[in-house]
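Enquirer: The listed protein sequences derive, respectively, from chains Y and F. Numbering of the first sequence is given in the numbering used here, commencing with residue 160 and proceeding in unit increments. Numbering of the second sequence is given in the numbering used here, commencing with residue 6 and proceeding in unit increments.
Hints may be right or wrong, so weigh each one.
Facing chain Y, a subset of chain F residues (Cβ under 8 Å, in silico) [to be verified]:
(1) THR23
(2) LYS127
(3) PHE150
Quick list of in silico lysine to aspartate or glutamate cross-link-like pairs, DMTMM-like style, CA-CA up to 25 Å [said to hold, decoys possible]:
(4) LYS172/Y <-> ASP113/F
(5) LYS172/Y <-> ASP132/F
(6) LYS164/Y <-> ASP132/F
(7) LYS170/F <-> GLU160/F
(8) LYS131/F <-> GLU162/Y
(9) LYS282/Y <-> ASP132/F
Here are a few chain F residues that face chain Y, going by a calculated C-beta distance under 10 Å [as the list claims (entries may be wrong)]:
(10) GLY21
(11) HIS35
(12) MET36
(13) LYS43
(14) GLN56
(15) ALA115
(16) LEU184
Read the hints as simulated data drawn from the structure, not as lab findings. Treat the numbers as computed from the prediction; the structure is a model and nothing was measured. We treat Cβ as the ideally placed atom computed from N, Cα and C, and that holds for glycine.
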Amino acid sequence: MDENKELDSFIRKSTRELGLEKPPINFTDSIISKIEAEQHKNTAYSYTPIFSTRQWVAITAVIMSVFALAIFGNLNHETTAIAQLVDKILVLPELPVFAFSSTFTYAFLGVGIFVWIQIFLLKQQFQKVA
Amino acid sequence: MNQPEDAYYIKAALKGDTKAFAIIVDRYKHMVFTLAMKMVRNREEAEEVAQDVFFKVYRVLSTFKGDAKFSTWLYKIAYHRSLDYIKKQKRTLNTSAIDVNDHYNLPDIAYKLDYLEVNERKQTIKDAIDALPEDDAVVITLHYFEELSLKEIAEIMNITPNTVKVRLFRSRKRLAVLLKNKLESEILDNYGRK
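Model the full assembly from the supplied sequences, consistent with the hints where possible.
Expert: See below:
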């Protein structure tokens, strides 16, 4: 135990005399200029999407609602204003009646969720690599 | 070099103030560079790794939550960045061939070191530390040069404080054996020259 303590204080004394390694004189300048160059590059070529996330959500919601109404709405095409609007937007004469089984609906939703998760994870992965 | 001062410059750097970040770099560059040197064992490569560390730190500075010391967080990045560099170069960490049970006489080593000129003494100690396996050299550097606690070293190297304690104990003994061997060979060399 004593020997260990002696060795500890001997190494402490020896290393104090030695000091740390010295990086090159221009070390800090070189890092800062690299950072500034990166900042400049980012502002010069900054990516701004045409549609923001909120706008994409709104667009998707509208499209999904229109399709949902057209397919599942069971609308009276002569009287309902929404039905007439749907007809105008889709410009389709008369959609055939779709009947999806529950299995298909759940499978479709499941696949959709997995695709969405993958997009999210891949995006994170690419951001990490970059 | 206390916490509030680091926090002040970190806050400024997060707002894009590169001058504030330059102060942080100046404050820690010696230790980061020393750690990289102990790991990659080459001055040019260590410079590349150390620059890469600070560049990365600037990019991820917003993820520093302040629950640990900034230096511990920074040295952790430096240590793991060096490990990644070694892996990328398809190199492996050295293992020690020095037996910790080898006999050494501490008063004799101290006496022989005192007998050397200052520069010669510094070089002998430096050579002995550099001859240690990378992880041993890092433990010695963090504990004796930066005076970090076992817990802080454990946090940096992702090991338990107990493992650090054992590693430090062995590293000290290996360093003593290396110093003994180096001093003996130097004395033989000097004797041969005469």
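Enquirer: Are LYS172/Y and ASP132/F close enough, with their CA atoms no more than 25 Å apart?
Expert: Distance of about 16 Å is within 25 Å: holds.
Enquirer: Should the interface hint for PHE150/F be scored as holding, given a Cβ-Cβ cut-off of 8 Å against chain Y?
Expert: 6 Å, holds
Enquirer: So, HIS35/F near chain Y? Judge it on the closest CB pair being under 10 Å.
Expert: Constraint on HIS35/F satisfied, holds at 4 Å.
Enquirer: Under the criterion of a CB-CB separation shorter than 8 Å, is THR23/F in contact with chain Y as hinted?
Expert: 5 Å, holds
Enquirer: Using 10 Å as the Cβ threshold, decide whether GLN56/F counts as touching chain Y.
Expert: Hint on GLN56/F: holds, closest Cβ of chain Y at ~6 Å, below 10 Å.
Enquirer: Checking one constraint from the list: CA of LYS170/F to CA of GLU160/F, max 25 Å. Satisfied?
Expert: Roughly 13 Å separates the two Cα atoms, so the pair holds.
Enquirer: Grab the minimum C-beta distance from ALA115/F to chain Y and call the hint holds if it beats 10 Å, violated otherwise.
Expert: 6 Å, holds
Enquirer: Report holds or violated for the interface hint on LEU184/F, using the least CB-CB distance to chain Y and a cut-off of 10 Å.
Expert: 8 Å, holds
Enquirer: Does the alpha-carbon distance linking LYS172/Y and ASP113/F stay inside the 25 Å limit?
Expert: 16 Å, holds
Enquirer: Under 10 Å is the threshold here; is the Cβ of MET36/F close enough to any Cβ of chain Y for the hint to stand?
Expert: This hint holds: MET36/F lies near chain Y, its Cβ roughly 6 Å from the closest one there, short of 10 Å.
Enquirer: CA of LYS131/F to CA of GLU162/Y, is that 25 Å or under?
Expert: At roughly 22 Å apart (the allowed maximum being 25 Å), GLU162/Y and LYS131/F satisfy the hint.
Enquirer: Quick check on the hint: LYS43/F CB to chain Y CB, less than 10 Å?
Expert: 9 Å, holds
In summary, the one numbered hint that this structure violates is 9.
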